[in-house]
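2 protein chains.
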Amino acid sequence: MSENESSVPQSRGPAEHSVREQIVEAAEAHFSHYGYEKTTVSDLAKAIGFSKAYIYKFFDSKQAIGEAICAKTLSTMIAAVERAVADATTPSEKFRRMFKTLVETGAGLFFNERKLYDIAAYSAGEGWPSARSYCERIREILTEVVREGRESGEFERKTPLDETVHAVDLVMQPYVNPLQLQYNLDLVEEAPVQLSNLVLRSLAP
Amino acid sequence: MSENESSVPQSRGPAEHSVREQIVEAAEAHFSHYGYEKTTVSDLAKAIGFSKAYIYKFFDSKQAIGEAICAKTLSTMIAAVERAVADATTPSEKFRRMFKTLVETGAGLFFNERKLYDIAAYSAGEGWPSARSYCERIREILTEVVREGRESGEFERKTPLDETVHAVDLVMQPYVNPLQLQYNLDLVEEAPVQLSNLVLRSLAP
DNA sequence: CTAGTGACCATTTTCGTCAATGGTCACAAT
DNA sequence: ATTGTGACCATTGACGAAAATGGTCACTAG
Chain A
3 MSENESSVPQ SRGPAEHSVR EQIVEAAEAH FSHYGYEKTT VSDLAKAIGF SKAYIYKFFD
63 SKQAIGEAIC AKTLSTMIAA VERAVADATT PSEKFRRMFK TLVETGAGLF FNERKLYDIA
123 AYSAGEGWPS ARSYCERIRE ILTEVVREGR ESGEFERKTP LDETVHAVDL VMQPYVNPLQ
183 LQYNLDLVEE APVQLSNLVL RSLAP
Chain B
3 MSENESSVPQ SRGPAEHSVR EQIVEAAEAH FSHYGYEKTT VSDLAKAIGF SKAYIYKFFD
63 SKQAIGEAIC AKTLSTMIAA VERAVADATT PSEKFRRMFK TLVETGAGLF FNERKLYDIA
123 AYSAGEGWPS ARSYCERIRE ILTEVVREGR ESGEFERKTP LDETVHAVDL VMQPYVNPLQ
183 LQYNLDLVEE APVQLSNLVL RSLAP
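Line order of the protein sequences matches chains A and B. Here the numbering used here runs 2 ahead of the position in the first sequence, where the first position is 1. Here the numbering used here runs 2 ahead of the position in the second sequence, where the first position is 1.
Keep in mind that the hints were calculated from the coordinates and are not lab data. Since the structure is predicted, the reported quantities are computational estimates derived from the model, not experimental observations.
Identical chains blur together in the list; that is why a pair holds if it fits in one copy or across any two.
Straight-line Cα separation of at most 25 Å, DMTMM-like style, residue types lysine to aspartate or glutamate; simulated pairs:
#	residue 1	residue 2
1	LYS117	GLU128
2	LYS48	ASP62
3	LYS160	GLU191
4	LYS48	GLU27
Generate coordinates for the entire structure from the input sequences, incorporating the hints supplied.
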């Protein structure tokens with residue numbers, strides 16, 4: 003009773019604090035520019051005009067700061083997906099846009115903010131909370147879309163909801179998970195289309 | 003006009019030769035025991051009682067030897083899949099077994115012959131011919147299964163065959179490709195089942 | 001002509017060293 | 001009590017020299 007199951011970088015000290023926000027801001031700038039490894043905690047301290055030691059009043063470790071940045075990055079992607087889903091009308095279209103947006107923002111992160119992408123990939127590989135809750139949120143959105151499709155009669159209702167969602171989630175995983183996406187970048191165009199078609203065929207009543 | 007598109011390790015000298023076979027044999031033993039990187043060409047030479055230079059009469063490079071071993075490994079997996087498919091009766095069952103066997107033998111390689119698995123993963127990552135023809139062969143087998151299913155009326159026939167096969171191939175990719183399989187080892191049990199169900203639902207007439 | 005090799009070179013890998021980094025803590029200022 | 005820091009330690013990373021490795025080639029033996 004004491005150890006967390008899998009390395010959980012935590013923050014400490016006051017949750018709302020201008021210094022905490024300054025740290026995050028500086029970290030975002032430095033990490034995205036120089037990368038996580040090449041940025042030292044001292045760099046961040048200098049950037050906000052405090053000593054290195056003071057940073058540790060707000061974050062448990064350097065990793066915890068990385069976590070915060072990663073969570074922010076992934077939140078942006080989630081937001082884009084939520085917007086895309088909200089814009090679509092039918093459940094089928096919602097699913098298509100969800101998948102497409104997910105892959106596009108992921109690939110965009112890879113090509114335009116490579117350093118941040120690397121953090122996200124590492125996070126996913128280590129099973130950090132930020133990556134976990136990201137995957138969880140994706141699944142929630144997916145569940146909502148599928149349920150809506152079932153209610154409107156657009157999707158079949160024989161298979162248990164959980165099972166359907168789980169299977170579809172497995173199909174998307176290689177493109178949702180930053181760790182795996184990098185091996186499928188050449189499929190960014192076709193995979194979401196082809197796989198959406200296949201999934202929607204499987205969802206047909 | 004001369005360069006091959008992507009690094010293609012080739013062999014040279016007589017194709018059938020006892021020394022060539024001895025090299026492959028020694029390489030298989032050494033690679034699987036010490037790994038590709040930790041095995042030197044001199045080690046192989048010593049093992050078969052010839053000089054290092056002689057090895058290069060039969061193989062273009064060390065990588066080419068790795069390729070040969072990799073091809074052998076992947077052939078074994080293909081053979082297992084072909085056996086599994088032949089054993090099954092219905093196209094649906096053929097597909098299920100194909101997927102399951104693929105994942106099982108892949109995971110088996112990872113857990114029991116890790117060093118050989120690493121070579122296969124590297125091969126897949128670099129797009130070596132051995133990995134390519136492995137993927138191609140999988141696709142051929144899959145095509146055959148789907149076509150059989152269509153002919154027997156078990157699978158739908160509206161979607162173009164190529165499109166169907168391509169999409170199903172994309173679904174299996176993360177578990178077929180050694181490079182990606184290692185990130186999905188915790189899903190070895192459920193993924194083939196869940197995904198087979200989904201795919202078969204999508205193939206229903 | 002075929003089977004086979006030692007000596008050689010350019011590039012990698014290994015390894016030991018030392019500075020840099022992540023992280024802590026006792027303490028100072030307000 | 002809160003805000004903040006310099007000094008300190010164990011571990012890690014960078015760096016250059018030295019050793020090992022992949023690969024070639026002129027050459028020998030039969």
